[in-house]
Amino acid sequence: MKLRENDHVVGYAFAAPFILGFLLFIVYPVFSSLYYSFTNYNLLEAPSWVGFDNYTKMFTDDEKYAKSISVTLNYVLASVPLRLAFALGVAMLLNKAIAGIGLYRSAYYLPSLIGGSVAVSILWSQVFGDKGLVNSALGLIGIESSTSWIGNPGTALWTLIALSVWQFGSSMLIFLAGLKNIPKDYYEAASVDGANKIRQFFKITLPLLSPIILFNLIMQTISAFMTFTPAYIISRGEGGPLDETLLYSLYLYKRAFTFYEMGYASAMAWVALIAIGLVTLLIFQSSRYWVHYESKGDR
Amino acid sequence: MAISRRQWKTVFYHLLVGLLALGMIYPILWLVASSLKPNDEIFTTAYSLIPSSLEWGNYASGWAGFAGNSFGTFFKNSFIIVSLSTIGAVCSSALVAYAFSRIPFFGRGFWFGCMMLTLMLPRDVTIIPQYIMFSELGWLQSFKPLIVPQFLGIPFFIFLIMQFIRTVPADLDEAAKIDGCSKYGIFFKVILPLIVPAMMTSAIFSFYWTWEDFIHPLLYLNQPELYPVSLALKLFLDGESLNNWGGMFAMSTLSLVPVFVIFFIFQKYIVDGISTSGLKG
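The listed protein sequences correspond, in order, to chains A and B.
Following the numbering used here, the numbering of the first sequence begins with 1 at its first residue and continues without gaps.
Following the numbering used here, the numbering of the second sequence begins with 1001 at its first residue and continues without gaps.
FYI, nobody ran anything at the bench for these hints, they're computed from the structure.
No residue lacks a Cβ here, since even glycine has one placed at the ideal position from N, Cα and C.
Distance windows between CB atoms, simulated:
hint	chain 1	residue 1	chain 2	residue 2	range
1	A	L44	B	W1139	14 to 22 Å
2	B	S1142	A	L23	18 to 26 Å
3	A	F59	B	S1083	42 to 50 Å
4	A	L242	B	L1022	31 to 39 Å
Whole structure, please, built from the sequences with the hints as guidance.
Written out as structure tokens, the structure reads:
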């Protein structure tokens, strides 16, 4: 007997893994985390309902929480624009058809490939340590410095920002692909009209790349908000010195898995979800003022 | 022989871009150099890339690991987790991508929208309930929480493979249908052979993400004999092993070797994957 072909049956058969995963590992967790956020729950006893207590405590009675928000905002606001600026700048430098360009491209991309690994976070903690590469190199040019950049509260967060900016490679590749799509005659026409390089950049390159910039901006912002591994490794899981590297994810991790305050940590997660949702929405809303879509939709 | 202005410009360009590139990879070179320096030399001549003598002993002392668990165990764990995860992620994502791009089933748009939303969902929201769920299932201290979810489709890969299926002409499906192929047959005989490049790209990224994953093993595994390499490296920073710098650099370097090898073999797939779909490396 031949099985009757039915698009609905076949469709659900093929899509089943995603649908199952979505319900089990996304929908159920998202809603149960909403429920937990209104409870006190330490994994040993059943969750007990506390209403909005976790949320009010977070905003009125938790100095570390306020600190972790300010640290995270500083981190995101510094690392995302710097990373995108480097990505775009270097992409423009490399947008040439000359020998050896592939080698350069690889060199700039490599840090991005390995940047999320524990090995690199460990490396970073030594590069910026008291006797690390940075101080040693500064010594060579006559600047004696023996304080650890990681131990110093004034510079600790900047070492994390530097680590993030160092990994501009993947955004750079996306920009490079975008730059290659801009027809050369646009620039030729512009220079015939007397527009200099700077004007060409602002009038041709930026507008035509703006959809790609928007995409990068959103994805990089979300992932910057969620940065965990480097902060954990470099501060040995503590977020120090003086909580200067206590990124939001790290603080949430500590609340949940060091102190077993699952309810409180879930409330933190929901605040993050709403905040990130709003930021994403804001970026999308703003995009109509600066993102340029070509009217002829053939690309 | 006079050098023209144009040649000067080329020289200047290579000097600028080359020096910048060197600056970018300098920390990586430094990591490799430090892994070969004698322990007392690593921080006394930190700026230098050249060890006074090659200290291969760092690799032996690092490999020995912690409390009877050598890096042999850690690498084995990583390879088990990574290979099963990658097989699961790629196969399931290909199935789902086919459904989303070629079969007009009821609710397709809705599920596709769900998938796009999942792409942007911050990990922090699901991590606690997932942990509770896995602990109730009794899956803690096993690889299951790391591997099983991978078999249920990874949105990034589904999206990437969908982009690829779109370039396969629908006429091919029609022709196969006329020849008596079912929808299942079309997938296995027509689509699957044509989307191999997209599956390769997905496999490479799946490898990278699971190889470098730190937070999930940190949550689910706390017995050192189950640690993957990423988590084991953290042990160098803990307590008594705190001064085996050479071993730490050696194992950090070793942990990056598979990443580099795959990069140099499959560079094209990686660059294409990032450029066409914005996959993060």
